[in-house]
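There are 2 protein chains.
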Amino acid sequence: MGEGVEWALHCCVDLALGGAGRAVPAARLAAYHDLPPVYFNKQLQALARAGIVVSVPGPRGGFRLARPPEQITFMDVVVAIEGPDPAFRCAEIRRRGPGAGDPAADPGPCLIDEAMRGAELAWRSALAARTVADIAGAVRERAPDVPERIRGWLAASRT
Amino acid sequence: MGEGVEWALHCCVDLALGGAGRAVPAARLAAYHDLPPVYFNKQLQALARAGIVVSVPGPRGGFRLARPPEQITFMDVVVAIEGPDPAFRCAEIRRRGPGAGDPAADPGPCLIDEAMRGAELAWRSALAARTVADIAGAVRERAPDVPERIRGWLAASRT
Numbered sequence: 383m384g385e386g387v388e389w390a391l392h393c394c395v396d397l398a399l400g401g402a403g404r405a406v407p408a409a410r411l412a413a414y415h416d417l418p419p420v421y422f423n424k425q426l427q428a429l430a431r432a433g434i435v436v437s438v439p440g441p442r443g444g445f446r447l448a449r450p451p452e453q454i455t456f457m458d459v460v461v462a463i464e465g466p467d468p469a470f471r472c473a474e475i476r477r478r479g480p481g482a483g484d485p486a487a488d489p490g491p492c493l494i495d496e497a498m499r500g501a502e503l504a505w506r507s508a509l510a511a512r513t514v515a516d517i518a519g520a521v522r523e524r525a526p527d528v529p530e531r532i533r534g535w536l537a538a539s540r541t
Numbered sequence: 383m384g385e386g387v388e389w390a391l392h393c394c395v396d397l398a399l400g401g402a403g404r405a406v407p408a409a410r411l412a413a414y415h416d417l418p419p420v421y422f423n424k425q426l427q428a429l430a431r432a433g434i435v436v437s438v439p440g441p442r443g444g445f446r447l448a449r450p451p452e453q454i455t456f457m458d459v460v461v462a463i464e465g466p467d468p469a470f471r472c473a474e475i476r477r478r479g480p481g482a483g484d485p486a487a488d489p490g491p492c493l494i495d496e497a498m499r500g501a502e503l504a505w506r507s508a509l510a511a512r513t514v515a516d517i518a519g520a521v522r523e524r525a526p527d528v529p530e531r532i533r534g535w536l537a538a539s540r541t
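From first to last, the protein sequence lines are chains L and V. According to the working numbering, numbering within the first sequence proceeds without interruption in unit steps and concludes at 541. According to the working numbering, numbering within the second sequence proceeds without interruption in unit steps and concludes at 541.
Extracted from the complex, chain L is given alone in its bound form:
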């Protein structure tokens, strides 16, 4: 998994905590965590394509969350950045070579693939159960000054 997932998740939490529903320039978002602006912009575009953020054009434009942080799960963000493909892809090697034999001998789905997909489902379910709002809420509780600091930084670009 690329570093873009960490960037995108922090970005969504930053917008939830300090975006105040207004567009923040990509460069300002990148600078908050000292991220390379061009590469980070690619992640923002991916989030926009997935409908997680909205790209607002123009000199006062930028990015804002497309929906309430309660409705943005970790799974949404991971799929936006990494794509929808499962980590394990069955190539059905059991159907190749002498091991393939008579297809009628073992007509069912590959049991190895089933087990791997079951594990991936557990991973996806755990990610789908956590939202950007969960993280933002926990930050507000344990570090009450952080949201104000993020808000100040993100808003400074609008003066």
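Derived from the structure by calculation, the hints contain no laboratory data. Any given hint might turn out to be false.
What the hints assert, rightly or not - Derived DEER-like restraints, expressed as beta-carbon distance ranges: (1) V:Q453 x L:G534: 43 to 49 Å; (2) V:S437 x L:L503: 33 to 39 Å; (3) L:G519 x V:G519: 27 to 33 Å; (4) L:A510 x V:A520: 40 to 46 Å; (5) L:G403 x V:R431: 51 to 57 Å.
Beta carbons: idealized from backbone N, C-alpha and C, even for Gly.
Go by the hints and put chain V onto chain L.
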């Protein structure tokens, strides 16, 4: 995840079903699913380093399972082939740039990293709960002729 995981899992199941506790040449194991022998041999070496198979040297040598298939989990095989690193690696970007602020402001562990590690744990737990013996047993039940066919193929190399 590379294709080596699928190869290694099928290989372990093949050995469990048809290896009869004796060493099978790598080339014979590869040919059963029409796999490229040199690259497949790398996966076998990785399984040997992880203590999942034993490499038996000599003209009648090859590979056999190092322990009962009940004691070989999917997690063991995935770690042997892919390494122990988690899919998500937190680079602590929250500690970089103006977002880092006063470390005292948010001294706890990164909540995003915690959520990602929780999901990975769910994945690993699911993989650790499935063994090579589970798959071998299910194959024996639903396709009773398959084990005999594998046994015949793997044993042919010993004549």
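Okay, the hints, checked on the actual structure:
A hinted range of 43 to 49 Å for the beta carbons of V:Q453 and L:G534 is inconsistent with their spacing of about 57 Å. In this structure the supplied range 33 to 39 Å holds for V:S437 paired with L:L503, their Cβ-Cβ distance being about 35 Å. The beta-carbon spacing between L:G519 and V:G519, approximately 46 Å, falls outside the hinted interval of 27 to 33 Å. A hinted range of 40 to 46 Å for the beta carbons of L:A510 and V:A520 is inconsistent with their spacing of about 28 Å.
A beta carbon spacing of about 54 Å between L:G403 and V:R431 agrees with the range 51 to 57 Å that was offered as a hint.
Violated hints, listed in ascending order, are 1, 3, 4; each of the other numbered hints is respected by the structure.
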